[in-house]
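Chains as they are written, first to last, in the working numbering: chain A, 1 to 655; chain B, 1 to 156.
Note that these hints are calculated values from the structure, not bench results. Don't take every hint at face value.
[What the hints assert, rightly or not] Derived list of chain A stretches under chain B, where covered just means 3 residues or more per stretch with a C-beta under 8 Å from a C-beta of chain B: (1) 350-360; (2) 426-440; (3) 560-570.
[Claimed, not checked] No more than 20 Å apart at the CA atoms, straight line, and that leaves these computed lysine to any residue pairs for SDA-like: (4) B:K72 - A:I451; (5) B:K128 - A:L408; (6) B:K121 - A:I112; (7) A:K537 - A:A485; (8) A:K642 - B:G123; (9) B:K44 - A:K632; (10) A:K84 - A:R265; (11) A:K519 - A:R535; (12) A:K84 - A:Y650; (13) A:K654 - A:K290; (14) A:K406 - B:M135; (15) A:K654 - A:R639; (16) B:K72 - B:L5; (17) A:K81 - A:R132; (18) A:K402 - A:L558; (19) B:K44 - A:V12; (20) A:K290 - A:K323; (21) A:K407 - A:D338; (22) B:K121 - B:F45; (23) A:K402 - A:R265; (24) A:K402 - B:D43; (25) B:K72 - A:K402; (26) A:K632 - B:G123; (27) A:K632 - A:L558; (28) A:K81 - A:S105; (29) B:K128 - A:L615; (30) A:K298 - A:K649; (31) A:K642 - B:T125; (32) A:K400 - A:L558; (33) B:K128 - A:N404; (34) A:K452 - B:M150; (35) A:K407 - A:G509; (36) A:K649 - B:L5; (37) B:K72 - A:L584; (38) A:K406 - B:S126; (39) A:K81 - A:R251; (40) A:K649 - B:M150.
Quick caveat, the model's predicted, so the values are computed rather than measured. Every residue, glycine too, gets a C-beta built ideally from N, C-alpha and C.
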Amino acid sequence: MAVIEMKKVILVGMQDEKEDILKAIQSMGNLEIMGIEEQGEGQDGEETLDMVWEEDLRAMAEAEAQLSKLEFTLELFNRYKPLKRGIFDVKPQVEARELLETLDSRDEILKIADQCRSLEEELSELALRENRLYSTIGQMEPWMSLDIPLDRIEDTLTTRVIAGTVDRGAVHRFLDAIDALAEEPIFVQELGETREDTCFFIVYHKSLEGDVQSILNEFAFNRTSFGGFSGTAQRIVAGSREELREISRSRDDIVGEIIEFTDLRPQLELLYDALLIELDRYRAIQNLEKTHSTFVLKGWVPAEQSDEFVTTLGKEFKDIYIKLQDPDPDEDFPVALDNPPLVSPFEMVTNLYSTPNPRELDPNAAMAPFFAVFFGIMMGDAGYGLIMALGTYWFLRKMKPKDNTKKLVSVIFIGSIFTFIWGAIFGGWFGNAGELLGIPPLWFNPSAEPIKMLVFCFAMGVLHIFAGIGVNAYVNIRKGRILDAIFDQGLWYVFYIGLILWLAGGMAGLDPTFSQVGKIMTIVGAVGLVLTQGRDKDNIFAKFFSGLLSLYDVTGFLSDVLSYSRLFALALTTGVIGTVINQLGIMAGKTWYGWILAAAVLIGGHVFNIAINVLGAFVHTSRLQYIEFYGKFYQGGGRLFKPLGMRTKYRDIKK
Amino acid sequence: MELGLILAISGGALAVILAGIGSVLGVAMAGQAAAGVVAEDPDKFGSVLLLQALPGTQGIYGMLIAFILMGKIGLLGTPVPITTAQGWQLFAACMPIAIMGLLSAIYQGRTALAAIAMVAKRGETSGKGLTMTVMVETYAVLALLASILMINGIQL
Numbered sequence: 001m002a003v004i005e006m007k008k009v010i011l012v013g014m015q016d017e018k019e020d021i022l023k024a025i026q027s028m029g030n031l032e033i034m035g036i037e038e039q040g041e042g043q044d045g046e047e048t049l050d051m052v053w054e055e056d057l058r059a060m061a062e063a064e065a066q067l068s069k070l071e072f073t074l075e076l077f078n079r080y081k082p083l084k085r086g087i088f089d090v091k092p093q094v095e096a097r098e099l100l101e102t103l104d105s106r107d108e109i110l111k112i113a114d115q116c117r118s119l120e121e122e123l124s125e126l127a128l129r130e131n132r133l134y135s136t137i138g139q140m141e142p143w144m145s146l147d148i149p150l151d152r153i154e155d156t157l158t159t160r161v162i163a164g165t166v167d168r169g170a171v172h173r174f175l176d177a178i179d180a181l182a183e184e185p186i187f188v189q190e191l192g193e194t195r196e197d198t199c200f201f202i203v204y205h206k207s208l209e210g211d212v213q214s215i216l217n218e219f220a221f222n223r224t225s226f227g228g229f230s231g232t233a234q235r236i237v238a239g240s241r242e243e244l245r246e247i248s249r250s251r252d253d254i255v256g257e258i259i260e261f262t263d264l265r266p267q268l269e270l271l272y273d274a275l276l277i278e279l280d281r282y283r284a285i286q287n288l289e290k291t292h293s294t295f296v297l298k299g300w301v302p303a304e305q306s307d308e309f310v311t312t313l314g315k316e317f318k319d320i321y322i323k324l325q326d327p328d329p330d331e332d333f334p335v336a337l338d339n340p341p342l343v344s345p346f347e348m349v350t351n352l353y354s355t356p357n358p359r360e361l362d363p364n365a366a367m368a369p370f371f372a373v374f375f376g377i378m379m380g381d382a383g384y385g386l387i388m389a390l391g392t393y394w395f396l397r398k399m400k401p402k403d404n405t406k407k408l409v410s411v412i413f414i415g416s417i418f419t420f421i422w423g424a425i426f427g428g429w430f431g432n433a434g435e436l437l438g439i440p441p442l443w444f445n446p447s448a449e450p451i452k453m454l455v456f457c458f459a460m461g462v463l464h465i466f467a468g469i470g471v472n473a474y475v476n477i478r479k480g481r482i483l484d485a486i487f488d489q490g491l492w493y494v495f496y497i498g499l500i501l502w503l504a505g506g507m508a509g510l511d512p513t514f515s516q517v518g519k520i521m522t523i524v525g526a527v528g529l530v531l532t533q534g535r536d537k538d539n540i541f542a543k544f545f546s547g548l549l550s551l552y553d554v555t556g557f558l559s560d561v562l563s564y565s566r567l568f569a570l571a572l573t574t575g576v577i578g579t580v581i582n583q584l585g586i587m588a589g590k591t592w593y594g595w596i597l598a599a600a601v602l603i604g605g606h607v608f609n610i611a612i613n614v615l616g617a618f619v620h621t622s623r624l625q626y627i628e629f630y631g632k633f634y635q636g637g638g639r640l641f642k643p644l645g646m647r648t649k650y651r652d653i654k655k
Numbered sequence: 001m002e003l004g005l006i007l008a009i010s011g012g013a014l015a016v017i018l019a020g021i022g023s024v025l026g027v028a029m030a031g032q033a034a035a036g037v038v039a040e041d042p043d044k045f046g047s048v049l050l051l052q053a054l055p056g057t058q059g060i061y062g063m064l065i066a067f068i069l070m071g072k073i074g075l076l077g078t079p080v081p082i083t084t085a086q087g088w089q090l091f092a093a094c095m096p097i098a099i100m101g102l103l104s105a106i107y108q109g110r111t112a113l114a115a116i117a118m119v120a121k122r123g124e125t126s127g128k129g130l131t132m133t134v135m136v137e138t139y140a141v142l143a144l145l146a147s148i149l150m151i152n153g154i155q156l
């Protein structure tokens, strides 16, 4: 029901035992070590001690390097033998001892990672060679009909021998120009084509040099040199192809080797998690202060567990000094919440907005019932409620999600029970299926009586807002500020209730005396507010004007209440879309194959409807809490308690 | 009588079309930003997907009005005769969600885009981004309600 009290821990130990003490703290998992920035605050005048732990910094860098090595290898494994691990899969569990024991075989496992890395390097080498060969083949292919070895394309005593390309579009004119020299000793062979050019092999007598050169220049003849190649183009291509086959064979071998290594994946994952735990410890060390032979640790521990914390460490280590301290009145400590099981899932909703600050009331207990009820109204379908309840229950039991996932699913589970209840009240069963089967609503059908529904939603809103104001009053009273509670919350109650009775009393057909009473309450409330709302101002005019101005808040109240019309709108959305799906199903279900189609439409459609409406209901209910409810009293801005513990990625540690 | 029916159907069609266009633009805008974020950090898929989905509701609201209208004029069962004046009334009743759906979805898309950029920089702000984006939707919800109440109130 509240923000958990924290004790400040100051622990002094011997440097030789630093590692073991931190290990013990880590396995208890209930101490958050203060960051350097936090330690600096509020300790003026105190001399700061040396905080550089060079050896541990090195060890930290090494652990990081090893982690990235393992990560690389595991990614490599995933590339060649993907792990079929769905989003719904549970992490395997492992004993903490077993996990940490893998550190003993760290070198062997890292050796495997190194081997895999060199295999991967071989693979990229092969890929590089492959690319080169492909480009060689691409380069050689147009020249394949030339049966002269490429390294032999060179001038003879009397002839000039050249190979080169001409733009494809100019080939005809080029050949015509050459033909004009028909009688002369020249030989031109047209070879293959590249994307833009045609390849030529040309032999001519040196006496033609001038004529031929001018033609070549005219058509931008581009001489090709075959430096580095020997043999005919055909031979080169064939050789390259053979080499490619070889490469693919050796690639298969290497991939086979990697796949064999993937059997060791569990070991790599275990070591990864063990190193992650180690890394967190090295990081924590960077927040410790040191003297010549001791170290000083400052942190937070939940007050309830603080005694146990001290005795456990005291028993295990002899040379240790631990001091527990209450936080200073203005000192912020990390926030952990303690709520009964029905409320604690809703902490996730609040934390999405802002964690409560350590000095305020934990709002979750007040918010949870409204959240569940509003979520239920917005979904508003008994059939959907049943399905969602079964689905989320199965998920929670079977998949054992943790942390925020668990909380989110639990929120939807609780919400789905209210979805069922409100669905039955408003007669929603899988859209209009209940109506078709003759199941009457327990109260009334919102789409038949929209105004009634709207008024109901506004009433829920007024209740919610009043509850918000009430929480604020409660906080004021608990802090002993009785007058604040009367002036800032009590008078607003009088004013708003009066206003509602006065304006809506007549419309609702109540006895006129209600209206009269309302009018009086409104006036009393308004006068009271004008007189009190400016009470912290200095002069009488400022007091009066801030008092008068405060009445303007009534527009805020009005828009807050109107905002609850979204309850109606989202409830209708669920119902109407469900009805449409049913109509489509009925339209399809006229023949036997039509029934199959209808079944598909009904199942797919209703699942879709549930999905989009859960999203809609969740975000809109959250909004009503954040803006309309929390706006009345909640500050937030706290920092979640993050104790030094065993953080893992691939395995869960058995408790 | 014919014209009345045409007007009523046009109103419903516009509700679907305009609100739908708004949602398409909004979701697409947010989606492009979301894809960029996921490319950098696949773990943020869940939170940016939620943000991307938000401008999608206006299209659903538009369709909702079209179906309520179809039910009203008996397009799915036995048609109800509609005068030209009634046709205009129904047409007008569809306009709140048609126009507000179009505009609010586009602007909600822009807000979602900014929120996604915020989540990309600071992952823990996704709840705040979600709230900011939902604020825009309020006016689409109000328009939806207005359209529903108007269609409901028109006497045929």
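Outcome of the hint check:
1. Counting residues of the region 350-360 of chain A whose C-beta sits closer than 8 Å to any C-beta of chain B gives 4, which meets the bar of three, so the coverage hint holds.
2. Here the region 426-440 of chain A counts 0 residues with a CB under 8 Å from a CB of chain B, which misses the bar of 3, and the coverage is violated.
3. With a cut-off of 8 Å between beta carbons, the region 560-570 of chain A has 7 residues touching chain B; three or more are needed, and the interface restraint holds.
4. Distance hint between K72 (chain B) and I451 (chain A) is fulfilled; the C-alpha atoms sit about 17 Å from each other, no more than 20 Å.
5. For the given pair, K128 (chain B) sits about 17 Å from L408 (chain A) by alpha-carbon distance, which is consistent with the 20 Å threshold.
6. Restraint check: the Cα-Cα separation between K121 (chain B) and I112 (chain A) comes to about 36 Å, which exceeds 20 Å; the hinted pair is violated.
7. Distance restraint check for K537 (chain A) and A485 (chain A): the Cα-Cα separation of roughly 18 Å lies within the 20 Å cut-off, and the hinted pair is therefore satisfied.
8. Our distance criterion of 20 Å between C-alpha atoms is met by K642 (chain A) and G123 (chain B), whose separation comes to about 16 Å.
9. Among the hinted pairs, K44 (chain B) with K632 (chain A) is inconsistent with the structure: their alpha-carbon atoms are about 32 Å apart, more than 20 Å.
10. Distance restraint check for K84 (chain A) and R265 (chain A): the Cα-Cα separation of roughly 13 Å lies within the 20 Å cut-off, and the hinted pair is therefore satisfied.
11. With a C-alpha separation of about 25 Å, the suggested pair K519 (chain A) and R535 (chain A) falls outside the 20 Å cut-off, and the hint is violated.
12. The hinted pair formed by K84 (chain A) and Y650 (chain A) meets the criterion: a straight-line CA distance of about 14 Å does not exceed 20 Å.
13. About 34 Å separates the Cα atoms of K654 (chain A) and K290 (chain A), which puts this hinted pair outside 20 Å; it is violated.
14. For the suggested pair K406 (chain A) and M135 (chain B), the alpha carbons sit about 27 Å apart, so the restraint of at most 20 Å is broken.
15. For the hint pairing K654 (chain A) with R639 (chain A), the CA-to-CA distance comes to about 27 Å; that exceeds 20 Å, so the pair is violated.
16. For the given pair, K72 (chain B) sits about 11 Å from L5 (chain B) by alpha-carbon distance, which is consistent with the 20 Å threshold.
17. Annotation: proposed proximity of K81 (chain A) to R132 (chain A) is violated, straight-line Cα distance about 28 Å (limit 20 Å).
18. Distance hint between K402 (chain A) and L558 (chain A) is unfulfilled; the C-alpha atoms sit about 41 Å from each other, more than 20 Å.
19. Restraint check for K44 (chain B) and V12 (chain A): not satisfied, since their Cα atoms lie roughly 40 Å apart, outside the 20 Å limit.
20. Straight-line distance between C-alpha atoms of K290 (chain A) and K323 (chain A) comes to about 17 Å, which keeps the hinted pair within the 20 Å bound.
21. At most 20 Å may separate the alpha-carbon atoms for a hinted pair to count; K407 (chain A) and D338 (chain A) meet this at roughly 14 Å.
22. For the hint linking K121 (chain B) to F45 (chain B), the alpha-carbon distance of about 14 Å falls within 20 Å, and the restraint holds.
23. Distance hint between K402 (chain A) and R265 (chain A) is unfulfilled; the C-alpha atoms sit about 24 Å from each other, more than 20 Å.
24. Restraint check: the Cα-Cα separation between K402 (chain A) and D43 (chain B) comes to about 16 Å, which is no more than 20 Å; the hinted pair holds.
25. Between K72 (chain B) and K402 (chain A), the direct Cα distance comes to roughly 48 Å. Violation of the 20 Å bound is thereby established for this hinted pair.
26. With a CA separation close to 27 Å, the supplied pair K632 (chain A) and G123 (chain B) exceeds the 20 Å bound.
27. Between K632 (chain A) and L558 (chain A) the alpha-carbon distance is near 14 Å, which keeps this suggested pair within the 20 Å criterion.
28. Between K81 (chain A) and S105 (chain A) the CA atoms are separated by roughly 24 Å; this puts the pair beyond 20 Å, and the hint is violated.
29. Proposed proximity of K128 (chain B) and L615 (chain A) is supported: the alpha carbons are some 16 Å apart, at most 20 Å.
30. Distance hint between K298 (chain A) and K649 (chain A) is unfulfilled; the C-alpha atoms sit about 27 Å from each other, more than 20 Å.
31. Restraint check for K642 (chain A) and T125 (chain B): the C-alpha separation of about 18 Å stays at or below 20 Å, so the hint holds.
32. The straight-line distance between the Cα atoms of K400 (chain A) and L558 (chain A) is roughly 44 Å, outside the 20 Å bound, and the hint therefore fails.
33. Using a Cα cut-off of 20 Å, the hinted pair K128 (chain B) and N404 (chain A) holds, with the two alpha carbons roughly 16 Å apart.
34. Between the alpha carbons of K452 (chain A) and M150 (chain B) the distance comes to roughly 15 Å, so the proposed pair stays at or under 20 Å and holds.
35. Simply put, K407 (chain A) and G509 (chain A) have alpha-carbon atoms about 45 Å apart, too far for the 20 Å limit, and the pair is violated.
36. Taken as a hint, the K649 (chain A) and L5 (chain B) pair is broken in the structure, with Cα atoms around 62 Å apart against an allowance of 20 Å.
37. A hinted pair counts as satisfied when its Cα atoms are at most 20 Å apart, and K72 (chain B) with L584 (chain A) qualifies at roughly 17 Å.
38. Taking the CA atoms of K406 (chain A) and S126 (chain B), the gap is about 18 Å. The hint holds against a cut of 20 Å.
39. Between K81 (chain A) and R251 (chain A) the alpha-carbon distance is near 15 Å, which keeps this suggested pair within the 20 Å criterion.
40. At roughly 55 Å between alpha-carbon atoms, K649 (chain A) and M150 (chain B) are farther apart than 20 Å, so this suggested pair is violated.
Violation of the numbered hints given earlier is confined to hints 2, 6, 9, 11, 13, 14, 15, 17, 18, 19, 23, 25, 26, 28, 30, 32, 35, 36 and 40; the remaining hints are satisfied by the structure.
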